[in-house]
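Student: Now for the letters of each chain:
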Amino acid sequence: MVLLQSVCCCGETAEPDEKLEKVKAAIEQFKTIKGALIPVLHEVQDIYGYLPEEVLKVVSTELNIPMSEIYGVASFYHFFSLTPKGENVIRVCMGTACYIKGAQGLLDRLSTELKVAVQGTTEDNKFTLEATRCLGACGLAPVLTIGEKVYGRLTPNDIPKILKEYN
Amino acid sequence: MKLLTDLEAIKTLTEAKLSNRQITGVEAGAVGYRSVMVCGGTGCTSSDSNKIIAALNKEVANHGIEDKVEVVRTGCFGLCELGPVVIVYPEGVFYSRVEVKDIPDLVEGHLLNNKPLERLVYEKTKADGKINNFEDTDFFRKQNRIALRNCGVIDPEVIDEYISRDGYKALGKVLMTMSRQQVIDTVKKSGLRGRGGGGFTTGMKWQFAADQDKHQKYMICNADEGDPGAFMDRSILEGDPHSVIEAMTIAGYAIGADQGFVYVRAEYPIAVQRLMKAIKQAREYGLLGDNILGTGFKFDIDVRLGAGAFVCGEETALMNSIEGKRGMPNPKPPFPAVEGLWGQPSVINNVETFANISPIILKGADWYSSIGTEKSKGTKVFALGGKVVNTGLVEVPMGITLREVIFEIGGGIPNGKKFKAIQTGGPSGGCLTEEHLDCTIDYDTLTSLGSMMGSGGMIVMDEDTCMVDVARFYLDFTRDESCGKCTPCRVGTKRLLEMLDKITEGKGTIQDLDDMERLSNTIKNASLCALGQTAPNPVLSTLKYFREEYMAHIVDKKCPSGVCKSLISYTIDPELCRGCSLCARKCPSDAISGKVKEPYVIDTVACIKCGVCFDVCKFNAVAIV
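Sequence order for the protein chains is A and B.
To convert, count from 1 in the first sequence and add 12; that's my numbering.
To convert, count from 1 in the second sequence and add 93; that's my numbering.
Hints may be right or wrong, so weigh each one.
Quick list of in silico lysine-lysine cross-link-like pairs, DSS-like style, CA-CA up to 30 Å [said to hold, decoys possible]:
#1 B:Lys456 - B:Lys281
#2 A:Lys46 - B:Lys425
#3 B:Lys578 - A:Lys46
#4 A:Lys36 - B:Lys711
#5 B:Lys391 - A:Lys43
#6 B:Lys307 - B:Lys282
#7 B:Lys456 - B:Lys110
#8 B:Lys219 - B:Lys151
#9 B:Lys307 - B:Lys391
#10 B:Lys468 - B:Lys266
#11 B:Lys262 - B:Lys281
#12 A:Lys127 - B:Lys688
#13 B:Lys425 - A:Lys161
#14 B:Lys600 - A:Lys127
#15 B:Lys262 - B:Lys456
#16 A:Lys176 - B:Lys702
#17 B:Lys587 - B:Lys425
#18 B:Lys281 - B:Lys194
#19 B:Lys511 - B:Lys637
#20 A:Lys138 - B:Lys702
#21 B:Lys468 - B:Lys144
#22 B:Lys373 - B:Lys104
#23 A:Lys43 - B:Lys373
#24 A:Lys43 - B:Lys456
#25 A:Lys46 - B:Lys373
#26 A:Lys173 - B:Lys711
Hints are computed from structural coordinates only; laboratory data are not their basis.
Given only the sequences and the hints, what does the whole structure look like? Please build it.
Tutor: And the structure:
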């Protein structure tokens, strides 16, 4: 068992952290370009699903950018999340076309069915419910996405059936 | 590295293949080779067009007709409402809402036995038992596709197909035969104005940057399409990414830049992936890099992903974002053309603007300026959405009327409802009414009516849309997207939203209307950037054209469209109720009671107005009052 653990330079043992290695590789890739912070944050979010504080500290050291500035940038953009999300992220499009065609009804129904507020995560960590900016699939309005899958031309009555797919 | 002669050779080779992708009027039985075009835009991909392509390829292989059929994944055809869309050439049969399970029938019927699959053929193309050319339908007939010229015609991931459609020919012409000033003069003369919202003359912008005597300059493409309901930039990047790359290179030559950036929304994964692939292909062909077409001209493009901030559509905010900072705008002057990205002269143009450049270079400024109105030249792509039959993407000449777009191309309002308003320009624009339907669409007319062209979102609203709620919706958006740098926008939009909330809750006063108007004008006049300067437009335009709806909310405490929850209640019509108990079982707050087979009753105090009963009732017995 001891053999499987890697030994850190300070003498302490640490679990090999694949995700962190990926982040470091990404930092290495972007380090030389101007304005590297946002591309790096995109990579971190891709790898972890959100921006964990410990990882941002690594980014801060490697890119030589203070944490305060990283926090300023990370909190400015909607795309970045500083908190972890549920297993399935449900995004209800709140673009105008979807809104006019009843997206609010979908959001309300999801909120009732899942017993969770918008932008919240269910207690069992299964779903995060988000209202999102226009997804550009206006021809299918109203639209929601769960992970990569897109559901279009919906009515609130379709919600229970969709949720069942993930139970 | 390719030279101009190499491109010509590629064109000749690929042209033969592409010549089949048009309607030739050949009898179905006599067709030797067919092109099956499947839309691979975001809309159709969302309804599984990738699986349709896989199924098509499989069936074609099963029948052993690979040498007689090509299956092509293209960009957007425009008629997103009917997606997933499949078009079969040379007959030009337009199939709508195709599903994977239909593919065996389609391949066997049409491709093998020359009998188009009637049940999937677009209704509007059927007449007298015949299937007609889809280009003659109302949706396509009035369109003039310049920016979208290659969308739906070529496979966007194959550079040779772009080249065969005169791709990179304009770049060759510019680098070999034109001076920088000649390029700028041509674009100026064409009258092309920015398609991203501002409407500034593109050639002038280029001139300002070209006049700067600096070593380093940047050419930036704004693909941060944040307007909700607008998706033309995404469709161009998905359907014809090389047109943007070519135009950026031409622009880079004109202003003297050797580096370009495309700032694109991270929410557009397909567009990003196709753009990256296109850049890679262009580099391999030496159409980007150190010695383009052997002329010694150097230019390259990098992609930067946006991160979901609407304000980054503003050019100085966008540049801050590329620099890795919070995307907040700077005061102008200095204008980006003088002091832009990293302090260097920079030009920012929108995707659709770029998509017009190569045709202008090839066909000339006079040809382009012959289309459109006196001050708005060329065509404009609109994303038609909301309560309209044909939602989708349309490219029409400037100067067309709103009525033509909504009722002829768009097919009017679905379900026999009445037209109420059209919203143009997204959160920066305004709502226009029935009396404006015959106004022409151009930059100046729309602005004079209190709306704007914006990036080209066009949302149709019917009698079920509450205009106060729409204004509230937009203000909620701009309040959320305000970057917070300047007070009028940061605080003003919040106060404006609070007043709108009050009105939609039935707590508004007539004084609020005056206050809203005054505050709106302050925000317009005092905000730092265009986001704040235009944020009150949805409020001002609805106040102007739909004042009676505000009055109904304030005085009568009613929402005439039945949208604002605080002002409506649900009741069950005892005449229509069959006592099936479905509503009572679905009600989340146990507010509905009654006996099976007898009319049910809603307890209005316990009711949370979620509308579930209204949605589930099969007998239309639940009514909004």
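Student: Any hints this thing doesn't respect? Which numbers, in order?
Tutor: Those not satisfied are hints 4, 13, 18, 21, 24.
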